[in-house]
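In order, the protein sequences belong to chains A and B.
Sequence positions in the first sequence follow the working numbering and run 26 to 415.
Sequence positions in the second sequence follow the working numbering and run 2 to 165.
Keep in mind that the hints were calculated from the coordinates and are not lab data.
It is possible that some hints are incorrect.
Claimed, not checked - Per label pair, the in silico range of CB-to-CB distance:
no., chain 1, residue 1, chain 2, residue 2, range
1, A, 341, B, 21, 28 to 38 Å
2, B, 48, A, 137, 34 to 44 Å
3, A, 155, B, 21, 45 to 55 Å
4, B, 21, A, 133, 18 to 28 Å
5, B, 42, A, 216, 18 to 28 Å
Beta carbons: idealized from backbone N, C-alpha and C, even for Gly.
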Amino acid sequence: MLNNIKGFRSFYTKATAFSLAVIFSAFSTFAHEEAHKTSPEGAHDTTATVQHDSLATEAHAEAGHHREEKFDAGKMIMEHVADAHDWHLWGHTSIPLPIIIYSSEKGLDIFSSSKFNHGHDDYNGYRLEHNTVVAVNEDGTVNEELSANLWDISITKNTASLFISLILMLFIFISAAKAYTRNPNTAPKGIQAIIEPIIIFVRDDIAKASIGPKYKKFMPFLLTVFFFIWINNLLGLVPIFPGGANLTGNIAVTLSLAVFTFIIILINANKNYWMHVFAMPGVPVWVLFLLTPIEILGVFLRPFVLMVRLFANMTAGHIIALSFFSLIFIFGEMNVVAGYGVSIFSLAFTLFMTCLELLVAFLQAYVFTLLSAIYFGSAVEEHHHAEEHH
Amino acid sequence: MELVKPAFGLIFWMFVSFALILFLLKKFAWKPILEMLDEREKTISDALNSAQKAKEEMTALRAGNEKLLQEARNERDILLKEAREAKEMIINEARAKATEASDKILASARENISNEKMAAITELKNYVATLSIEIAEKVLKQELADPNKQKELVQTLLKDTKLN
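The shape of chain A in the complex, shown without the other chains (with noise of 0.2 Å):
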């Protein structure tokens, strides 16, 4: 037991400090699109970094064109929550990534996203609008039939993102479990130390508890999901490369997720459970002509609600840390003593943020895994009760 709370303590001391240097890297980045803002050029700058930074594909141009042009908030948080086809890094530069397109017509086609120049020019007859990949004719003009019939399986930025997380996690739990085999029966150490009081954790008080004595079939999803969600949550806190990405606030991930807890369920449901959907026991029949859409309706609306919870909960998350990050820039176009000073509170309240969603990334993920338990309990559940209802 102590031991638990040890490893805890020293997770928890290793996620402060963790933290701790998002903040610092979020703020040295800020400071320097600060002191870029306080030179008259640095204005003209500061516009043109926060254009690239939001990966608005026009950036370049408008930029060049309008010295004037205002710091759209709204527009800037979006596209930073949003995916993107390349990913940007700092500045200028962003890393290209490819763009792996099929269509009935012109077959499987893979490219850099590079050759879009930011949307600037069409590559191979493809156009690149509003982040989306779409066909173009010969004369220039969007062909919609075409564009409707695209399969774009291209490594986005979140795709990358998914991809790098993945990588990580395989890294850590595959040196973990070699260290267990290594040294078995001794008290955990290093990268085990962190991870077995979340593994007990999750078998004990997520696992063991909604599921019962069938548990153990269910592990390795709700280990998985668990700590897939927590990872990605956390390297979506981090403001720079290779986090960043608001891959668990993608509705896509989410469904994903949210979908392989359906199947689950659908697979390991039992007999018993498909008897309380469609006709509950015990239940007048007349009744059952209310509750059986009412429980079909539930059988979809679970993992839809799973979907949207952690959707929603993620990118609330950072829309308001971008939020209070954009009032700097705001009161900034105003008046530069005003920016300097609203940066102050604007800190503090992102920093008070980052602290918030360390704590939304664990329970986001906790939820979600526990929901999923609660969801297979429901589907193995033994009929125990069936005596009462003859």
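Put chain B on the given structure of chain A with help from the hints.
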């Protein structure tokens, strides 16, 4: 609106890579880790159980020793008591036998003495009788040496003899 529209590409990659990592972690990470955790917990609980058992055995052993010691002590006491009784008995018996023997010896001695005494008395009586006869003979011889005295005695005897 773009935010809530799931992108096909990401869903595709997510399914592929999540299925892959689920498989890889299940095989190479979760299985060994969970097995090791179970094994370690089992080892720890076994060790605790055996320690508890050893402690109980120790207590039982100590109680057994105590009991054994007590029994030995009791036995020693009983032995001592029996020995003491035996000693008493032997002494008493010996004393009784000695008394009996001495009594017997005394009785036979006394009998012997009385026998000897009787014999001596008888002998003495016989001797006295012989002696007195001899004396009487000698007295008579002297008395009756004179014929006058013989006549006087006959006279006296005759006188005493009354003729009825």
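Results for each hint:
A C-beta distance of roughly 30 Å is found between residue 341(A) and residue 21(B), which places it inside the suggested range of 28 to 38 Å. Distance hint for residue 48(B) and residue 137(A): a CB-CB separation of about 60 Å, inconsistent with the stated range 34 to 44 Å. Against the hinted window of 45 to 55 Å, the Cβ-Cβ separation of residue 155(A) and residue 21(B) comes to about 31 Å, which falls outside the hint. Hint check: residue 21(B) to residue 133(A), Cβ distance near 21 Å, so the stated range 18 to 28 Å holds.
Range check, residue 42(B) to residue 216(A): Cβ separation about 20 Å, and the 18 to 28 Å hint holds.
Of the numbered hints given earlier, the model fails hints 2 and 3; all others are met.
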